[in-house]
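Protein chains: 2
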Amino acid sequence: MLGKLLLFCFCLGNSWVYGQEIMPIYSPNHQLRLSVVRSVAGSLTYQLGYKSKEVIGASSLGIVLKKPAVSLQSFEVLGVDTLSHNEIWTPVWGEEREIRNQYAQLIVHGKSEGILVDFIFRVFNDGIGFRYHFPEQFGFQHFIVNEELSQFRMLGDHTAFWIPGDYDTNEYTYQKTRISEIDAFSAAAKEKDIALTALIGPKVVQSPLMMKSANGIYINIHEAALINYPVMHLGLSGLTIISTLTPDAVGNKAYLQTPFSTPWRTILISDRAEDILASRLILNLNAPTSLRDISWIKPQKFMGMWWEMHVGKANWPLAGGKHGANTANVKRYIDFAAQHGFDGVLVEGWNKGWEDWFGNWKEEVFDFVSPYPDYDIDSLSAYAQKKGLRLIMHHETSGAVTNYERRMTDAYQYMVDKGINTVKTGYVGRIIPRGEHHDSQWMVNHYARVAEKAAAYRLMVDSHESAHPTGLHRTYPNWMASEAARGSEFNNAPTLGILPEHTTILPFTRLLGGPMDYTPGLFHMKLNQFDSTRKTRVQSTLAKQLALYVTIYSPLQMAADLPENYAGRLDAFQFIKDVAVDWDATRILAAEPGEFVTIARKAKGRSDWFIGSITDENARDIRIPLDFLDSGARYEAVIYRDADDADYEKNPEAYVITKSEVTRKSLLTIRLQRGGGCAVRLKKL
Amino acid sequence: MLGKLLLFCFCLGNSWVYGQEIMPIYSPNHQLRLSVVRSVAGSLTYQLGYKSKEVIGASSLGIVLKKPAVSLQSFEVLGVDTLSHNEIWTPVWGEEREIRNQYAQLIVHGKSEGILVDFIFRVFNDGIGFRYHFPEQFGFQHFIVNEELSQFRMLGDHTAFWIPGDYDTNEYTYQKTRISEIDAFSAAAKEKDIALTALIGPKVVQSPLMMKSANGIYINIHEAALINYPVMHLGLSGLTIISTLTPDAVGNKAYLQTPFSTPWRTILISDRAEDILASRLILNLNAPTSLRDISWIKPQKFMGMWWEMHVGKANWPLAGGKHGANTANVKRYIDFAAQHGFDGVLVEGWNKGWEDWFGNWKEEVFDFVSPYPDYDIDSLSAYAQKKGLRLIMHHETSGAVTNYERRMTDAYQYMVDKGINTVKTGYVGRIIPRGEHHDSQWMVNHYARVAEKAAAYRLMVDSHESAHPTGLHRTYPNWMASEAARGSEFNNAPTLGILPEHTTILPFTRLLGGPMDYTPGLFHMKLNQFDSTRKTRVQSTLAKQLALYVTIYSPLQMAADLPENYAGRLDAFQFIKDVAVDWDATRILAAEPGEFVTIARKAKGRSDWFIGSITDENARDIRIPLDFLDSGARYEAVIYRDADDADYEKNPEAYVITKSEVTRKSLLTIRLQRGGGCAVRLKKL
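Residue numbers (the working numbering), protein chains in the order written: chain A, 2 to 686; chain B, 2 to 686.
What the hints contain is simulated information worked out from the structure, not anything from laboratory work. Check the hints yourself; a few may be wrong.
If several chains are the same, the list does not tell them apart, and a pair holds so long as it fits within one copy or across any two.
[What the hints assert, rightly or not] Simulated pairs of lysine-lysine, BS3-like, Cα-Cα distance not exceeding 27 Å:
(1) Lys651 / Lys54
(2) Lys112 / Lys527
(3) Lys68 / Lys193
(4) Lys353 / Lys177
(5) Lys684 / Lys314
(6) Lys578 / Lys193
(7) Lys527 / Lys387
(8) Lys112 / Lys387
(9) Lys454 / Lys363
(10) Lys177 / Lys666
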């Protein structure tokens, strides 16, 4: 294969590179050009052009090992392989009925310090992925990674949407600054409501990192298929972004054995923001599921014994006299949820241990099989099933993961015995094994173990406080959703809450990795309903809360507010009842990070479409052409929009519901008020 | 209770103390006097007199907490309680049929930094124990220990028998030096054969620490009832010994919650070395078992597929062509063991994973339920049971304890399904959770979890590479034995091997904590039988190997050598067949650490006695009066002694067996050759 290597000096975009270019590789539509170059000194770099502009400058690749103690940064190139791939596959559930996976692949077979390393690049129409692969080889089998040195060299001081790099939480408010202005410590200092932080450095942020260049190119950096490896954070050296792996208790990054492939490092690129949201690149870079029987995996809508605690009506512990998860109260939820066609009722605070669960780094808090005495799980589970829904179980580990792992077998069998098929896991608090982080390799492996073990018991998983998703729901389709970002619960956080722009950034960042259990649907915006001293409020209009069911994709969607808060507004609640949670098609109609998002989706196996449109703190008029509808068909459009005087600060709960008949030739023009949104149901007539 | 406190200055032994003496407390026989003194500045000290001599000088007590960050070193005394206790209890198995537990107790109720701390002292005839107790109290519940500051102030530069302080191994050769000459790093540097070490400091040693004063007082420091707390190592500051707790991955020592009692800190004292070995103080300071059904717990003798691997005849992995644990070979062991009346056959290397088990800090090595394909566990287990014995299963965790904990349920059920009721656990290698040590709190809790979970499956446990025992076999009588010291396998270690004195020190150190699976019984002393290049040799005579079955107490005793090595010497092997593993009575006839040990024991429920006598590298003549025998009865004495020309270096395998008739008036005079010993069976006629 060495014949393919040419020593020359060449020009790509505006930078000159001296070395061997190892055959250029183009995206299927030829708009992206990836060039991998070996310098005369042996370093391996890639650079990326988009529509004849250079967007990623020469970025070097390498990995430093702790054991053996060698730095793999200078490579001999033994050969290259190329491949083009084009297939269509069907997800178990998702935003589309079918997904095209089309790319050109380049494998550079490298060698450094006697160790064989393959560099695998895939170039899609909407971006690239690359990974390191350590093949089986003589004399090199087990190894410990000290650091990965993957660079992403930006060629301008782009606008970035970012959160501080942190080994233990991703629940920060997004910042919008130039790359050069990133200051993770200052940003974190504004947060007062995150219980546990482990900041990495002033110039370290998290992925997905969304950027926009001065000339309108959208660039997103993340990772795909995070398996048996720590979370990658992103460090900055000038405008160059460098991978920063999460350490374990002794500072090592990963314990590996050949053959091993790192997660993919992904770069999405487009001059249309909508293409970023429409990308399936990350999902395509994950492995298909090995589950054969997927009949038990069902997208679902649920309500829950949960927001009551946040707003101070009830509490998790039995002690204190405000125990929410008592039989009568949960029955009330079941009645309401069943009446309105929900699939599940989440119950938090059902099990013993909440009296001293938090802040003590205590290992033996919960056993996951001991309900509080006032919670009659058997009768409630039977009652729920009689009414056509299921209880959803909560497993708060309090970060004591060793304890959870010891008890998972019993806990999952207990769920099966009780007729419960979905578990919400939680990892609030410092991790045990002590010294590990939420983002370290050991925990990444834990989340996968949970998905795998839950699948063995035919249980669906909704993980909270887990590491950022990387498309693993393709591999583990029972891992329905994660939190792993600032979710709606932060509406009750006193300092920043959820800013109106937050939900317009989430699709460009966190949601690129996978579904989020954001828990939208709050109807009561002043959160002093049960505690008059409370100043917290939902910084959203009610119509926007409805729109989030479309703009935030998840096969698990909660109607987060209390039954009594829905009861008075059943007309608006109707949208939550109607909206689908699984889709045949998705159209990103308009989007700009930090400003607005409009998405239309067609319900799975049905002819109905749903549209969600949201804005930031600015009002705006949106135009939605309905040309995605079936030609010749008529639809009833039910529009849930902000009232004319609605405003997320002054009048958030004012909404208007209108009905009209539309066709694919119709154009909806709707005003989104400040912090507002609209939701549309299009029912084929 | 404050009325009991007197402010005065008093003299105890030769030291003057200024402060309040909080009532002196005497041992039941009045030979020990414990004095607890609160200084004017508030520090709390204890001192100890023995037969009117001061043996432990004023030693202060205290604990430093990390959270809350306070140092508990100055105490207000709120009151005192005293108690005298005298009972006789019956162990499930042991060295005695009944054990007397008699002590005087003093509780000093202290308060420091607003935190209530009780100091509990028990004074026995042969020593003392003390512990810290944190009662339930308002405003103080969860806490983290930074360090314990318990002092043991020696009043002379005693001769000490010690091994280097190390968080991960206790398999060192014992050193005999003055306290002032202790240099743990130099001692450790002489060791080349310990795979994993984590030395603490040049002046830190392990407990039990055996000392002898210039005026002939034997002093031993250890701990009892090590539960939910890290192992205590012993640091030196001049002649004062200070507790040094094992840290976890982040440097903390223990995560606790009130009510909590630390392990007991124990001091054995006598002017007779024999009394140290006869002490049941440590056992008495442990809690009785809570097991109701103990019918399934049986002391046993076993052989095993194990020494073959050490001497190079076979190997653990299947790969390499020397797999020992194949069906035919294990069947050979079963046949031999059954023919000679053994209870079990240990099989190591039976399960998949040995190909890369060591040295990689790899988590997923073994699953404990997957035999190698050439090992037919079902037929072998059935065959063994048909012949009246059981297979003993080996669970080598390779230090990956998280992996083991995840799989314990399945592994123990697998054992039950296979009809196996004893498991040998192993912890070779660096611990996972990474950053934890063999001796840290998390691991201490793990060992207890194993004992508890095994009991739930009616399994007996023989733990190797675990933390030093502290008498927990009273609480967990299915935890039959531990290694936790340099065992017989080190005979095959090239550098130091097992020095002749080693087994005369073990009873004064490691064995005080509990039974040891030392694996005596080697008959073939040059270990080049299967590998002519090997220079290792057993530094013991054959008769001494027999004596170890009596001098090293364990309810699990292995006949460690190969069947073919016993087959040619069935006359000597007869002692191993005859010797008991459970006892009604024990007499320490003569003992001096590092020199000699002679012990007689009466077999449980039988009238036979067995005597073992061993010496160091010096030959010596011993005199054994048989006055412990029943009066008026005649016994057949079978004496297994060193041949006249035996010598552990030159002629180790030469032995003589003689028979005679004896009564309680008889006196045996026997010569122990260099590195030799003798074993005697006394059968009542």
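key: Homomeric proximity label, Lys454 with Lys363: Cα distance no greater than 27 Å   = Both: 24 Å inside a copy, 21 Å across copies.
query = Using 27 Å as the alpha-carbon threshold, which applies to Lys112 and Lys387: within, between, both, or neither?
reply = neither (63 Å within a copy, 58 Å between copies)
ask   = Should Lys112 paired with Lys527 be assigned to within, between, both, or neither, using CA atoms and 27 Å as the limit?
value = neither (61 Å within a copy, 47 Å between copies)
query = How do Lys177 and Lys666 come out at 27 Å by Cα distance, when the copy is not named: within, between, both, or neither?
reply = neither (37 Å within a copy, 97 Å between copies)
ask   = Should Lys651 paired with Lys54 be assigned to within, between, both, or neither, using CA atoms and 27 Å as the limit?
value = Answer is neither: 46 Å inside a copy and 85 Å across each miss the 27 Å cutoff.
ask   = Between Lys68 and Lys193, at a C-alpha cutoff of 27 Å, which is it: within one copy, between copies, both, or neither?
value = between (40 Å within a copy, 22 Å between copies)
message = I want to check one pair: Lys527 and Lys387. Are their C-alpha atoms no more than 27 Å apart within a copy, between two copies, both, or neither?
response = neither (35 Å within a copy, 76 Å between copies)
request  = Check Lys353 against Lys177 for me: Cα-Cα at most 27 Å, and say if that holds within a copy, between copies, both or neither.
outcome  = Neither: 42 Å inside a chain and 53 Å across chains, both beyond 27 Å.
task = With 27 Å as the alpha-carbon cut-off, assign the pair Lys684 and Lys314 to within, between, both or neither.
result = neither (38 Å within a copy, 78 Å between copies)
message = Regarding Lys578 and Lys193, is the shortest C-alpha distance of 27 Å or less found within a copy, between copies, in both, or in neither?
response = Neither: 35 Å inside a copy, 71 Å across copies.
Hint compliance for this structure: hints 1, 2, 4, 5, 6, 7, 8, 10 are broken, all remaining hints hold.
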